[in-house]
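Let the hints inform the model, and build the full structure from the sequences given.
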Amino acid sequence: MTVLDQTHSRRRFLQLTGAVGATAALGGVLQACNVIGGGGAATTGTFNWMTWSDHWIQSQLDKIATDTKISTAIQELAGNAEGYAKLKEVKGQLDKMSGDAMWVPNAYAKDGLIEPFDINELKVSTQLYSFAREFPYWQSSEGYMAYPFGWSPIMIYYDPAKVSGGPTDWQVLLDPKYKGRVVVENQPEEIVAYMARAAGFDKPYDLTDDQLTTVKGYLEKLKPNILKFAQQATDSVAAMVSGEAWLITGNLGNEDRVKDGGGPEIKGYVPSEGTVGWHDGEMIVKEGANKALIKPFLEQSQQAELIAENFLANGRPLFNEKAYKLLTDQGKQDQADRYLYSKAPDVLPTMVLKGPGTSTDKSIQLFNEVFGGG
Amino acid sequence: MAKSVDPLETMPVSRYAGLTRWGLRVVFALLVLFLYLPIVFMVAFSFDESSTPGLPIQGPTLHWYDVMIHNRQLLTAVGNTVSVSLIVSVLATVIGTMAAFVLVRGRLRFPNGIRIIFTLPIMVPGVLIGIALLVFFSRAFHANLSLMTVIAGQLVVTVPFVVLIVASRLQSFDRKLEWAAADLGASPRRTLRHVVLPLIAPAILAGALICITLSIDEFVITWFTVGNQPTLPTYIYTKVKFGVTPEVNAVGTVMLFATLLIFGIAGLALGRSRRSPARRRAAPPA
Amino acid sequence: MTAEVVTGVEAAPVAVVSRGRSARLRELAPFIPAALLLGILFFLPLGVMFIFSLWTTNANLDIVPVWNLDNYAQFFNSSAYVRTLGKTVIMGAAVTAICLVIAVAVAYFLARYISRRWARLALLVIIVPFWSSYLLRVYSWQAILGEKGALNQLLVGLGLIAEPSRLFVYNDIGTFIVLTYVYMPFAILVLYASLERFDYTQLTAAQDLGASPSRAFRYILLPQIRPGLITAAIFVFIPILGEFLTPSMVGGASGLLIANLIQTFFKNALVPQGAALGFLIVAFVTVLLVVFRKYLRVEDVYARG
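Chains as they are written, first to last, in this note's numbering: chain A, 509 to 882; chain B, 5 to 290; chain C, 15 to 319.
If you're looking for bench data, these hints aren't it; they were derived computationally from the structure.
Taking lysine to any residue pairs in the SDA-like style, the calculated list, with each CA pair at most 25 angstroms apart, reads:
(1) LYS180(B) with ALA37(C)
(2) LYS180(B) with GLY110(B)
(3) LYS870(A) with TYR86(C)
(4) LYS794(A) with LEU621(A)
Among the chain A residues that face chain B by a calculated CB cut under 8 angstroms, a handful are:
(5) ALA581
(6) GLN583
(7) GLU584
(8) LEU585
(9) ALA593
(10) LYS594
(11) VAL598
(12) GLN601
(13) ALA741
(14) THR742
(15) VAL745
(16) VAL749
(17) ASN759
(18) ARG765
(19) ASP768
(20) ASN822
Covered stretches of chain C, going by a simulated chain A footprint (3 or more residues, C-beta under 8 angstroms):
(21) 66-76
(22) 97-111
(23) 159-168
(24) 177-191
(25) 254-265
(26) 277-288
All C-beta atoms in this analysis are idealised placements derived from N, C-alpha and C, irrespective of residue type, glycine included.
In structure tokens, the structure reads:
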């Protein structure tokens with residue numbers, strides 16, 4: 509009897525604790541759920557922004573919120589395709605969307621999800637490089653599709669102590685000498701695109717069947733060289749730092765990251781056959797409930813001082829020209845030049861911008877064929 | 005007498021018993037070592053100066069803990085994740101246990117078929133469920149995405165675990181105990197509360213713990229069904245372009261020690277009993 | 015008298031044996047929340063996905079209602095899918111086997127030799143590491159198993175191998191180790207719940223009757239924890255068929271499993287293709303469960319009294 513009573517009171521206690529805990533948790537959740545603010549036409553309030561983690565810095569957002577009473581609720585992007593899928597469904601629950609170059613016209617704009625605007629209307633746009641205001645693929649009859657932000661080509665990095673001969677092209681990745689020493693990102697369509705560029709094809713996302721067959725051969729040569737697929741940039745950097753990998757692909761800035769991690773001095777280059785890359789921008793969601801807040805927000809958030817700070821924090825070039833001058837004044841021109849900050853007009857033409865293409869389906873099938881089954 | 009274990013329980017059944025017991029102790033110790041090995045590294049990397057995890061460790065430094073404390077997005081994410089996990093685990097345990105009772109005792113027409121149906125959510129790739137729910141919530145319910153939709157989505161994949169584990173325990177439940185209680189005059193409800201539930205408590209506890217584990221690191225379904233609320237998994241897994249930095253390790257370390265501390269305190273608070281619970285097993289109540 | 019006993023066996027004291035419809039409804043009521051949950055939030059949305067899987071995407075990434083079976087046919091067009099599925103099944107079976115063996119040992123230890131309070135604490139100690147980010151734990155495994163990792167440093171330091179081995183990670187061995195790590199606690203929790211109620215005096219009785227420990231184990235213990243073993247096997251094997259993160263991070267270039275191939279479609283907004291592949295896997299596992307239902311069916315061990 510005593511034992512059952514004991515159980516009884518212990519259970520009571522647990523029930524009580526559980527109930528209190530659950531209620532507290534529920535309260536917390538309900539409070540967090542509050543709002544997908546119905547802002548209205550006011551010029552203050554909160555808007556919802558889905559973006560990459562490197563597009564914002566908390567202290568900058570706080571300052572803008574204090575100065576202009578415009579605050580933002582961030583949702584993190586997992587990938588272009590996922591973001592597109594989500595925006596298609598949630599529509600008005602988002603106000604601002606970040607996206608990569610070719611996704612803007614080929615996915616967002618053509619579905620009428622975003623609202624192009626007159627970029628010259630924004631005073632801060634004069635701080636941009638002029639070519640950034642005139643990307644032909646972002647122009648439409650209704651205006652400019654997105655406000656440009658940052659860019660990077662895909663580079664190849666190597667450890668000169670282990671990789672001799674100062675490579676300059678994609679072919680080095682296929683060299684059997686480097687079996688198990690290459691790390692590429694876990695992005696199947698990009699891996700196919702790299703090999704397409706290695707084979708000399710101009711349109712890695714719009715391959716013909718013959719071209720796909722050629723690329724297959726390249727992929728089969730690449731496969732034994734790959735050590736692992738990098739889930740995030742950290743993976744590639746860690747592999748270089750530990751010396752497990754001698755060659756990696758990635759965005760700009762990996763030399764600094766590897767050095768910072770205690771690794772060797774590595775060199776990076778843009779492959780001579782041409783590469784792929786991305787640049788991104790901020791889009792206004794057409795059905796966004798708070799979209800009126802976005803232009804005033806952009807006027808603040810795209811100012812050169814903030815962009816310069818962002819560059820130093822995240823390490824990839826941006827399209828704000830005035831920020832380059834600020835960085836030079838701060839004595840950081842060296843670093844900016846290493847990151848090709850002012851070289852966009854030279855580098856952008858060599859890179860094919862990532863985005864949905866006509867051969868995506870077949871490319872994925874090709875990847876699965878080559879890499880599936882062990 | 006109160007402290008000792010019933011001798012009938014641990015009487016050796018063979019001459020290898022002592023060896024077996026030591027062998028099992030070694031296995032247990034090795035297992036705990038195996039499970040905590042990566043955790044030791046996770047904690048160590050939180051003190052590493054470099055922003056890339058890897059040996060050798062430079063430092064140590066408390067820099068990342070400082071970054072963590074000032075990272076509002078991260079802290080909000082942790083709070084949201086903990087709340088959601090608790091709610092999901094409580095709800096899933098309740099819903100799943102109730103369903104398990106009916107599955108085992110409700111004389112359903114196709115119990116094995118229904119069991120296979122409950123296994124389906126475990127089989128389906130999470131990304132499929134996530135996209136399906138996104139489309140469904142938006143188009144069928146016109147619902148605003150929020151932590152509520154996240155909870156609903158996570159319930160879909162956690163309830164089956166509870167149902168299966170509680171049902172399997174119920175299946176080998178000795179009904180004689182319930183008849184005995186009925187013989188002694190207990191109503192079905194009392195029997196349920198004081199006999200059945202306490203005896204299947206380990207299964208319910210296991211189910212609840214599994215739910216928390218599944219929910220705390222659930223990324224795919226959560227990403228597709230969340231609104232503008234950050235959660236820890238979405239914070240971590242979306243750092244694709246530039247990678248996570250060790251303040252996430254710092255968060256993990258803090259969460260680990262906080263949880264162990266809470267359990268330690270709870271264990272001490274609840275365990276204050278004179279009679280050792282081991283006596284309750286098999287041997288009839290004194 | 016006998017009639018009453020039979021009635022008692024048929025129905026739990028919890029349920030009232032009555033032929034009335036409202037009584038039946040009351041009996042089934044606790045099932046309703048779960049049924050609603052699965053019905054509305056699982057079957058309906060996935061039904062929509064199933065329809066999508068029979069459609070196709072155009073060049074603009076829109077899902078267009080062009081009925082076709084191409085998405086399903088692609089599975090058979092290339093041997094890679096079948097081979098990968100086979101590899102995944104083998105990997106799943108291997109991980110399940112070792113998880114069950116170790117989990118039985120650990121759960122037996124906790125259930126039999128440790129008092130209940132400490133056993134529950136041990137369970138918590140076992141599960142708490144898994145309440146941290148999976149990504150961080152896998153990064154740690156990379157640091158342990160890698161070429162310059164802790165394991166290699168230990169082995170070289172002890173003189174067991176001459177130079178660091180690249181055998182431990184970025185291949186199937188790495189996948190095997192990490193998957194075992196990830197699913198072990200589930201198996202332990204399930205088997206503990208099963209072993210905790212076992213009457214260990216039966217083993218004493220068996221010894222009295224002359225059985226050796228291994229015979230007692232095989233013919234007395236195992237059959238009675240069969241429901242637990244089956245549930246644990248389900249909790250380990252089936253989710254492994256959906257694992258894509260582990261193989262991509264520690265499996266190396268040749269380590270992709272079937273869920274990776276599905277993921278590649280979804281990462282490129284090719285929903286119908288990915289959905290079709292996903293449903294094929296579901297069909298495959300369902301067929302497995304139906305074929306093996308004889309082994310899965312667990313009789314009410316005690317109900318007959």
